[in-house]
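Enquirer: Numbering (my numbering), first residue to last: 175 to 334.
What the hints contain is simulated information worked out from the structure, not anything from laboratory work.
Keep in mind that the hints are not guaranteed to be accurate.
Unchecked claim - Cβ-Cβ distance ranges computed for the label pairs, FRET-style:
hint : residue 1 : residue 2 : range
1    : Arg216    : Arg243    : 18 to 28 Å
2    : Glu228    : Gly259    : 16 to 26 Å
3    : Gly197    : Asn329    : 37 to 47 Å
4    : Glu332    : Ser186    : 20 to 30 Å
5    : Gly222    : Tyr294    : 20 to 30 Å
6    : Lys246    : Asn285    : 17 to 27 Å
7    : Lys258    : Pro205    : 18 to 28 Å
8    : Glu318    : Lys208    : 18 to 28 Å
9    : Lys245    : Ile331    : 30 to 40 Å
10   : Ser269    : Gly293    : 15 to 25 Å
11   : Pro205    : Lys302    : 28 to 38 Å
12   : Ile331    : Pro192    : 20 to 30 Å
13   : Pro206    : Glu321    : 38 to 48 Å
Claimed, not checked - Result set (DSS-like, lysine-lysine): computed pairs, CA atoms no more than 25 Å apart in a straight line:
hint : residue 1 : residue 2
14   : Lys258    : Lys196
15   : Lys302    : Lys210
16   : Lys246    : Lys194
17   : Lys273    : Lys302
18   : Lys210    : Lys245
19   : Lys210    : Lys194
20   : Lys208    : Lys246
21   : Lys245    : Lys194
22   : Lys273    : Lys196
23   : Lys246    : Lys273
24   : Lys210    : Lys246
25   : Lys302    : Lys194
26   : Lys196    : Lys210
27   : Lys194    : Lys273
28   : Lys245    : Lys273
29   : Lys302    : Lys258
30   : Lys273    : Lys210
31   : Lys310    : Lys258
32   : Lys245    : Lys201
33   : Lys310    : Lys201
34   : Lys245    : Lys302
35   : Lys196    : Lys246
36   : Lys196    : Lys310
In this text, a Cβ means the ideal position worked out from N, Cα and C, and glycines have one as well.
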Amino acid sequence: MADMLVNLYRLSQQDPSPLKEKGVFIKRVLPPDKSKVLAFIRGQFQEGWADECEHALSHDPPSCYIAVRDKKILGFACYDATAKGYFGPTVVDPSQRRKGIGAALLHACLNSMREQGYGYAIIGWTAKDAIPFYQKEAGAVLIENSEPENSIYSNMIEFD
């Protein structure tokens, strides 16, 4: 796992129409939806991701987006959760993957970062199998010597 860098100046806009036609909407999380989003994460994924998401939801505006269909959460993505300028965590319900939802969430966050004045974004602790996705969708490049032991994640508390 390593960090990746995205040049936000070169980021293209993504057309949300194909997802909307399927009833999927990408929206910034509203404060009244906080408990539902955190329950979605805690119910299926890592507790640490819920902690990071909760921090992202404390920002004004919240730096977290969700994918929703028929008022059901399909996935989420955050930025400025682990550290300023970082994208993530993000995850899509396993039954909804490979349908463009992850890409739409990624683009929503990265475009918000660009609108807020960021020139670059860091995708932290990227799983090896996700690297091609980020390269294709955002033009991300690996950051040399950014393995977890050489990054912000080296300061995390560990319990035996």
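Enquirer: Does Lys273 sit within 25 Å of Lys245, going by the straight-line distance between their CA atoms?
Expert: Roughly 18 Å between the alpha carbons, so the hint for Lys245 and Lys273 holds.
Enquirer: Just tell me: holds or violated, for the beta carbon distance of Ile331 and Pro192 against 20 to 30 Å?
Expert: Violated, since Ile331 and Pro192 (Cβ atoms, about 42 Å apart) do not stay within the stated range.
Enquirer: Cβ-Cβ distance between Glu318 and Lys208: within 18 to 28 Å?
Expert: About 37 Å separates the Cβ atoms of Glu318 and Lys208, which means 18 to 28 Å is violated.
Enquirer: Between Lys273 and Lys210, is the straight-line Cα distance small enough, at 25 Å or below?
Expert: holds, 23 Å
Enquirer: Given the hint of 17 to 27 Å, check if Lys246 and Asn285 actually sit that far apart at their C-beta atoms.
Expert: Distance hint for Lys246, Asn285 holds at roughly 24 Å.
Enquirer: Per the hint of 18 to 28 Å, is the separation of the Cβ atoms of Arg216 and Arg243 within bounds?
Expert: holds, 21 Å
Enquirer: For Lys310 and Lys201, compute the direct alpha-carbon distance and say whether it is at most 25 Å.
Expert: holds, 23 Å
Enquirer: Starting from Lys246, check that the Cα of Lys194 is at most 25 Å away, please.
Expert: holds, 14 Å
Enquirer: Is it true that the CA of Lys245 sits at most 25 Å from the CA of Lys201?
Expert: Measuring from Cα to Cα gives roughly 11 Å; hence the hint holds.
Enquirer: Between Pro206 and Glu321, does the beta-carbon spacing fit 38 to 48 Å?
Expert: holds, 39 Å
Enquirer: Taken at face value, is the distance from the CA of Lys273 to the CA of Lys246 at most 25 Å?
Expert: Satisfied, since the Cα-Cα distance of roughly 16 Å is no more than 25 Å.
Enquirer: For the pair Glu332 and Ser186, does the Cβ-Cβ distance stay inside 20 to 30 Å?
Expert: violated, 39 Å
Hint violations for this structure: numbers 4, 8, 10, 12, 14, 15, 25 and 34, all remaining hints satisfied.
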